[in-house]
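The chain contents come next:
There are 2 protein chains.
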Amino acid sequence: MTARHDTYHHGDLRAALLSAGEEVLEELGVAGFSLRHVARRVGVSHSAPAHHFGDAQGLLAALATDGFRRFLAAMRVRQRDSGDDPKDLLLASGLGYLDFALAAPALFRLMFGDDRIKHPPPELLEAADAAFRHLAGDIERIRGVSPFEDLEVMADVMAAWSLAHGFAELLISGRMKPVQAMDRPAREAFFRSILGRLIA
Amino acid sequence: MTARHDTYHHGDLRAALLSAGEEVLEELGVAGFSLRHVARRVGVSHSAPAHHFGDAQGLLAALATDGFRRFLAAMRVRQRDSGDDPKDLLLASGLGYLDFALAAPALFRLMFGDDRIKHPPPELLEAADAAFRHLAGDIERIRGVSPFEDLEVMADVMAAWSLAHGFAELLISGRMKPVQAMDRPAREAFFRSILGRLIA
DNA sequence: GCGTTTATCTTGACGGCGTCAAGATGTCCA
DNA sequence: TGGACATCTTGACGCCGTCAAGATAAACGC
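The listed protein sequences correspond, in order, to chains A and B. The first sequence maps to residues 0 to 199 in numbering that gives the first Met the number 0. The second sequence maps to residues 0 to 199 in numbering that gives the first Met the number 0.
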């Protein structure tokens, strides 16, 4: 059950492929990602991954699924260290959102609609939905009404989500130069001030 | 100078490649895009594009550059049909932003930081910057102060930009289900209400 | 008008890619 | 102990981007 890298059977190839896959993803970008590259890094034949993930989309989907879970975790980590005020909790989620995007930009891109995953498996959709429900919960705490019962509150959710997502995407893409020049604390303060505009 | 498709020399291959390139981009997605596919569609040899665009990145960069110009035009079209109130003009830009993203999602993705373009040429950066300056101008009209002279106003720009961009990205990626189910007028009203939260 | 330079496009080759089929090598359980 | 099964390898296929060499047409100097 433990990993052995010198035998015919790898031992824990699936986990090794996921780990190496994420490295390759961040190093080469989504476009540069290749199954054979990942296989080579793990020291295994070029078509070994097929047995565990079917095809390239399978591995990418697994990476994205795991990504969404850690994405949700990143938001919760920030909330653990924040105040208990509902607005503080939303701001904390936003910062976690940003943390994740900046720490794993290629994975972030992959998760949000890169067309290399044509048919997202159910577990990926569920993991993504869980992250969305988390944000919806943040807004519900502030407004006192479930977004799923009030379209105005749902609009609040979409506004906060869009803002955080757009900020993260633009930052990653390098198109938001004025903010990119800031150091981390300044950037976070800037982001808080922006997100704060929505919950005034 | 006119296009001839039956001779050795194409006549206007560069334009034909751009046009076919965009078709392929939207049909196959950024990931499915290939130079050879584009060449085949135009009816030309597989390495003819190289002479006009250098390599695949060159063609993609040219598409993205043209995309940014039409992106800016889409915002101006909406403004032409909107009221003269500064806030109306910003909302119109936002709707144009959305128009473009929905009409050409793959191109939109390509423009905003897809990693298939590793070294954006100057004209691409300039076209992108022109679009940004347009948004900055919209905010300046509302606040009466240049964003480049006041960080608070710059934050307004970034907020509006992030919101519009995130909304567009999430919509394209299919992750914003509640909004996706709406028809066009409902979606636009929803988007106006969201963007309106920022300029209350 | 003619020859030559230049721009444009084709052909063929190379290695890398994803995927499939067939075979090799371990593991596990009856 | 032996056969079924999971796991991994090998080899092949066509597609890809890129490069070098060659073919063709246009442009230009004279």
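There may be inaccurate statements among the hints.
Stated by the list, open to error - Cross-link-like lysine-lysine pairs, in silico, DSS-like; alpha carbons within 25 Å at most: (1) LYS86/A with LYS117/B; (2) LYS176/A with LYS176/B; (3) LYS86/B with LYS117/A.
Claimed, not checked - Which chain A residues stay away from chain B? Per the calculated CB distances, all over 12 Å, these: (4) ARG77; (5) ASP83; (6) VAL156; (7) HIS164.
Said to hold, decoys possible - One-sided and incomplete, this derived list gives chain B residues near chain A with beta-carbon spacing under 10 Å: (8) VAL144; (9) PRO184; (10) GLU187; (11) PHE189.
Rather than coming from a laboratory, the hints here were simulated on the basis of the structure. Don't be surprised by glycine CBs; every beta carbon is placed ideally from N, CA and C.
Just pull the numbers of the violated hints for me, sorted ascending. 1, 2, 3, 6, 7, 8, 9, 10
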